[in-house]
Amino acid sequence: MSIAPDPDATIPDEVLLVAFANGDQQAARQLASRLLPRVLAQATRMLCDRTEAEDVAQDAMMRLWKLAPDWRQGEAQVSTWLYRVVANLCTDRLRKRRGGVSLDQVAEPADDTPSVGAQMQTAARMRALSEGLAHLPERQAQAVALRHLEGLSNPEIAEIMDISVRSVESLTARGKRALADIMAGRKAELGYEDD
Amino acid sequence: MRMTDPNEDMLDDLFAQARRVAPPVSNDLMARVLADARRPEASVEAPGILAGLLDAVGGWFAMGGLATATLAGLWIGVAPPLAFEELTAGLLGDTVTVHLGSASGFADFGELEDG
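Residue numbers (my numbering), protein chains in the order written: chain A, 1 to 195; chain B, 1 to 115.
Hints may contain errors.
[Said to hold, decoys possible] Interface residues of chain B toward chain A, partial, derived using beta-carbon atoms under 8 Å:
(1) 7
(2) 14
(3) 15
(4) 33
[To be verified] For lysine to aspartate or glutamate, the following EDC-like pairs were computed, each having C-alpha atoms within a straight-line distance of at most 16 Å:
(5) A/187 to B/36
(6) A/187 to B/13
(7) A/96 to B/13
(8) A/96 to B/9
(9) A/96 to A/138
(10) A/66 to A/14
(11) A/66 to B/8
(12) A/96 to B/12
No lab work stands behind these hints: they were computed from the structure.
Ideal placement from N, C-alpha and C gives every residue a C-beta, glycine not left out.
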């Protein structure tokens, strides 16, 4: 859907959250418009399943609404908290999914208008990547996804995962190596055999 | 000179494609999220396993009583006052042991996570 421009883009998320906790539904609409696209994108990149990603996004936002009355201002950013919640919800689902990813409703890439063949190949690659993440230990999968799918910095990931930057470096390095090994066996299937 | 790993090159390409995934928020999802925000119980924990267990014993109020009774029972069991011991022995005739929950005194509800 097209989301209306945020008329109060300068108002911090946590101020809107406090306003929502005090009964301001307009604040909820602004927060949803701001945060939901990113929350949905994070869940989609990890799960590669539209229905599951939407369920995770709704669940994460519901948790935010519930937490609003008890939000401790100044302790964490709303966006940091949401990254953590979505990462946890996604790894929960990846864990349950081990052994088989549902092949229907695969999220399609939003970029350009490539040919049907190219779209199918991209969808297959994204599905394979999600399957690969499902085979990593959960903390590695979270660190790899936050670093390489969300493009966050190591200090940002450290705050989200509540660990040291060194631990983030270790998790992402080990996770990426393990994921590369997992994906190596699918090179030809994913169209990388001639690269 | 740093050697590139062809497997990691493939992975970097996959990551780059994944970062371009930006699904639009459907009207339905936005409506569901805003409906959740309008729920009066938005600040109340949704029913789950814990709520089910609590309902089975009569809710939090009963759980509070149960916890109090358990702790009182534990205290009495550890350090029975002489007069109390005589009274219970007189009334019940023997030691009565009642197990409430697990060995730790409470049922294990698992880990409650914040997200």
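Each hint tested on the structure:
1. 7: 4 Å, holds
2. 14: Given a least distance of 5 Å, the restraint on residue 14 of chain B holds.
3. 15: 4 Å, holds
4. 33: 5 Å, holds
5. A/187 to B/36: Since the Cα atoms of residue 187 of chain A and residue 36 of chain B sit roughly 43 Å apart, the hinted pair is violated (cutoff 16 Å).
6. A/187 to B/13: Holds, at roughly 12 Å.
7. A/96 to B/13: Violated: residue 96 of chain A and residue 13 of chain B sit about 27 Å apart, past 16 Å.
8. A/96 to B/9: Violated, because 29 Å separates the two Cα atoms, which is more than 16 Å.
9. A/96 to A/138: Holds: residue 96 of chain A and residue 138 of chain A sit about 12 Å apart, inside 16 Å.
10. A/66 to A/14: 14 Å, holds
11. A/66 to B/8: The given pair, whose Cα atoms are some 41 Å apart, is violated under the 16 Å limit.
12. A/96 to B/12: 26 Å, violated
Checked against the numbered hints above, the structure breaks hints 5, 7, 8, 11, 12 and satisfies the rest.
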